[in-house]
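Going down the list, the protein sequences come from chains A and B.
For the first sequence, my numbering begins at -4 and goes up steadily by one.
For the second sequence, my numbering begins at 952 and goes up steadily by one.
It is possible that part of the hints are untrue.
As the list claims (entries may be wrong) - Below, simulated EDC-like cross-link-like pairs (lysine to aspartate or glutamate); rule was C-alpha separation at most 20 Å, straight line:
#1 1022/B with 259/A
#2 1095/B with 1112/B
#3 62/A with 1264/B
#4 1013/B with 227/A
#5 174/A with 259/A
Unchecked claim - Computed, partial: chain B to chain A, Cβ under 7 Å:
#6 1199
#7 1209
#8 1210
#9 1266
#10 1268
#11 1304
#12 1432
To be verified - Now the in silico label distances, taken between C-beta atoms and shown as ranges:
#13 1399/B with 113/A: 22 to 30 Å
#14 157/A with 1203/B: 25 to 33 Å
#15 1008/B with 207/A: 49 to 57 Å
#16 1299/B with 173/A: 44 to 52 Å
#17 105/A with 1203/B: 53 to 61 Å
#18 180/A with 995/B: 54 to 62 Å
#19 1425/B with 97/A: 49 to 57 Å
#20 984/B with 207/A: 53 to 61 Å
#21 1273/B with 36/A: 53 to 61 Å
#22 1016/B with 207/A: 53 to 61 Å
#23 1201/B with 119/A: 41 to 49 Å
Simulated from the structure, these hints should not be mistaken for lab results.
Using N, Cα and C, we set each Cβ at its ideal position, and we do this for glycine too.
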Amino acid sequence: MKKVSLIILALIALAATSQAKLNVVATTPDLGSIAREIGGDKIDLTVLAKPTEDPHFVDAKPSFIVKLNHADVLVEGGAELEIGWLPALLDQSRNEKLAAGAPGHVACSQGIQLLEVPSTLDRSKGDVHAAGNPHYTPDPVNAKIVAQNIANAFCALDPRSGDIFRANLKRFTDAIDAKLVEWQKTLAPFKGQHVVAYHNSWLYFGDRFGLQIDLFLEPKPGIPPTPAHLAEVIMKMKADNTHVIIVDPYLNRKTAETVARNTDATVLDVSQFPGGVKGTEGGYIPLIDYTVNALARALGEKK
Amino acid sequence: MRFRTSIISSFALCAFVLAAHAQETNEVELLKQQLRQVLQVQEEQRQKIEALTKQLDEMTKKQSAEAERKKLEQQLAAELQTNAPASTPAPATSAPWSPSQPMTVARAGSAYMNISFDTLMDVGGSTAHDPSAQLELGDHDPIKRGFSLRNAEIAVDGAVDPYFKGFGNIVLKLDKNNETEIELEEAYLQTTSLPGNLQVKGGQFFAAFGRQNPQHPHQWAFVDDPLILTRAFGPEGLRSVGAQASWLVPTPFYTEAFLGVLDGQGGTAFSFRNPGQPDALGVDRFHGRATMDNILRGPGDLVYVPRLASSFDLTDQQTVVAGVSAAFGPNETGTHKHTQVYGTDLYWKWKPANAHEGFPFVSWQTEGLYEIFDAGADAGAGLPAETLRDWGFYSQVLWGFKPRWVAGLRGEWVDGNHGLFDSQDVFRGQRTRISPDLTFYPSEFSKIRLQYNFDQGEFIGTQHSIWLQVEFLLGAHGAHKF
């Protein structure tokens, strides 16, 4: 009898602790990994987009509606990266906790200076994001702001675990600060060098580390590469002595390889999402670690 | 004296010598000057030549650069076309986005609502003289040989306040005489904060019946409405003023239950309280019968549309949505005549984990419908009371085989029991249609579609049609569902 009541008590305790966990849904794996750093084992985390997936074009699967329906917190980019699929899901999720402006709706871009905010909206220039370039997380300084935004929401929604969240935030921020010095040192020899990308999603990273990632395989955002444009890219690469092309996992590597063959350049697989390329599964810091070191190696090789 | 003479003469000599010397000096100076001038001219020429050479060099360099660029361009075009051996692990290929929802875009910005303008226009031909008479029965289908514009849609949506979202769709279309017709296709509000996983909408809206009925034409994968949908719901699809409640069922997988209650009067509730079309004498007829103008006697005369839909992720890359729907309500061919429509739908989609802008993908969509129409007697027209049964399905496969390109194939079949008025009724009889199509999306905001229809039917014989459809979308359009 005593044993039984003990078991029941244990079960109740277990249920209580599991209920105490915040149910967090993150739209993309970069935000998810930062949420995990802050939440630790005090949250249940679901990430909607896959790390290899094009974050602009995620299918609004009905299973996501259920995930959002159950969530206490939604962690999203806040810069319209997910605008093609998230609003329809939120509409159907029937979850007031995640409504825009509610404490459970974390727009991670809050406090981040978005770059390239277009002064006029004109789709003849391609599919430009009205709110500015939304690919801000590869800059570790922005990651700290994201972490702060997430921690604020977690603390507000689960004050009992507030100390843990704050401690996790400090640990993450300190780790970034320490690593940032190291990363900047690693990339310092290549200051001012040009790197080619497929899509303009590495602007913030380039700015932080003094690289000019300003030549793109696609002629305009969302418009596929044409031979005429690629020829121009190749000429520019030769003129600037550029020899590294970075490609995200969901982009056409063949195009990059074609250009690389004509310029004797290296094609480097990179990702903005932990797990997008091998060796980055560990989370945000291992991801930037990988990106910085791989870039330094590639830039150093042909110098 | 001699001394003087000698002095004078020596002076003279001196003067002469000096003069001579001066003259010499002058000549040297002159020569020097001339030399300088020559040198200067030479230098100028040299500089000129140098400049010209430089210019020439630059020109040739430019020319060769241009030639190189041209050569590169051609070479790249060739390399990109052939399946050049990818030297290293090539993970993703491919480009632009997603299947059934070619337009997944919204740009809200700082406005209180999204507003967009979407136009679909068609050009083509058919072996049928008047394609809209028998072949293309949908209201947004091409209506004639040559050009037609049957859907210029202004869509707005936004948050009304913390409790409601609002949606509006105003459609403009050109009739055969290029006169503009206008219709309020949808105007409804939807709750955002009801408890118990409930959501209610009210206003004019497309009924949640099956998969394609609630979709707007620009989301369709083909230029025309499936036959079985026009047969059960008429040219415009099932939509009416009314209200709908939907409940997200608390199952671990997605399940949603819907119940719509519609007014159901008029042509947009085709098989229900629809007066039909006037005949030569101005008498409204439907399936041959003169219609009553039944007023609403009670809640039993409304149209009820229940639906249940579920979805599963079969794998990380495959999702399936399946549903069953029904619609019940009275019709106007008698005082107590009823219509029942039952439907089932299935949608499956595959998309790899590293798809670029949603490509490549394969999707499969099928709907089957069964309609029981209790038709009243019309002694004047010599028609008895009879039960008209119609059934049929369509099944379509889409393959986004490369960035921005989607190939589709749709097969359709409809049939029904025998009715006395069938031979004059375009909405009855057996029909088959096979439609391959190819769509190119220059961007998310435009598309060009080429479709061929092979049509065969009990009352239409065999017909061939070919249609080219062009779409453009301006503005901010709300995100689409899966």
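Here's how the hints hold up against the structure:
1. 1022/B with 259/A: holds, 17 Å
2. 1095/B with 1112/B: With a Cα-Cα distance of about 44 Å, the restraint between residue 1095/B and residue 1112/B is violated, given a limit of 20 Å.
3. 62/A with 1264/B: holds, 13 Å
4. 1013/B with 227/A: holds, 13 Å
5. 174/A with 259/A: violated, 32 Å
6. 1199: Residue 1199/B check passes; min Cβ-Cβ to chain A is 6 Å, inside 7 Å.
7. 1209: violated, 12 Å
8. 1210: Nearest chain A Cβ about 16 Å off; hint violated.
9. 1266: violated, 12 Å
10. 1268: Interface hint status for residue 1268/B: violated (9 Å vs cutoff 7 Å).
11. 1304: Hint holds; residue 1304/B Cβ to chain A Cβ min 5 Å, cut 7 Å.
12. 1432: Holds, because the Cβ-Cβ distance from residue 1432/B to chain A comes to roughly 5 Å (cut-off 7 Å).
13. 1399/B with 113/A: 22 to 30 Å: For residue 1399/B and residue 113/A the Cβ distance comes to about 27 Å; the hint holds.
14. 157/A with 1203/B: 25 to 33 Å: holds, 31 Å
15. 1008/B with 207/A: 49 to 57 Å: violated, 29 Å
16. 1299/B with 173/A: 44 to 52 Å: holds, 49 Å
17. 105/A with 1203/B: 53 to 61 Å: Because 33 Å falls outside the window, the suggested range is violated.
18. 180/A with 995/B: 54 to 62 Å: holds, 56 Å
19. 1425/B with 97/A: 49 to 57 Å: Roughly 32 Å apart at Cβ, these two residues miss the hinted range, so it is violated.
20. 984/B with 207/A: 53 to 61 Å: Between residue 984/B and residue 207/A, where Cβ atoms are some 57 Å apart, the hint holds.
21. 1273/B with 36/A: 53 to 61 Å: violated, 37 Å
22. 1016/B with 207/A: 53 to 61 Å: violated, 22 Å
23. 1201/B with 119/A: 41 to 49 Å: Holds, since residue 1201/B and residue 119/A (Cβ atoms, about 47 Å apart) stay within the stated range.
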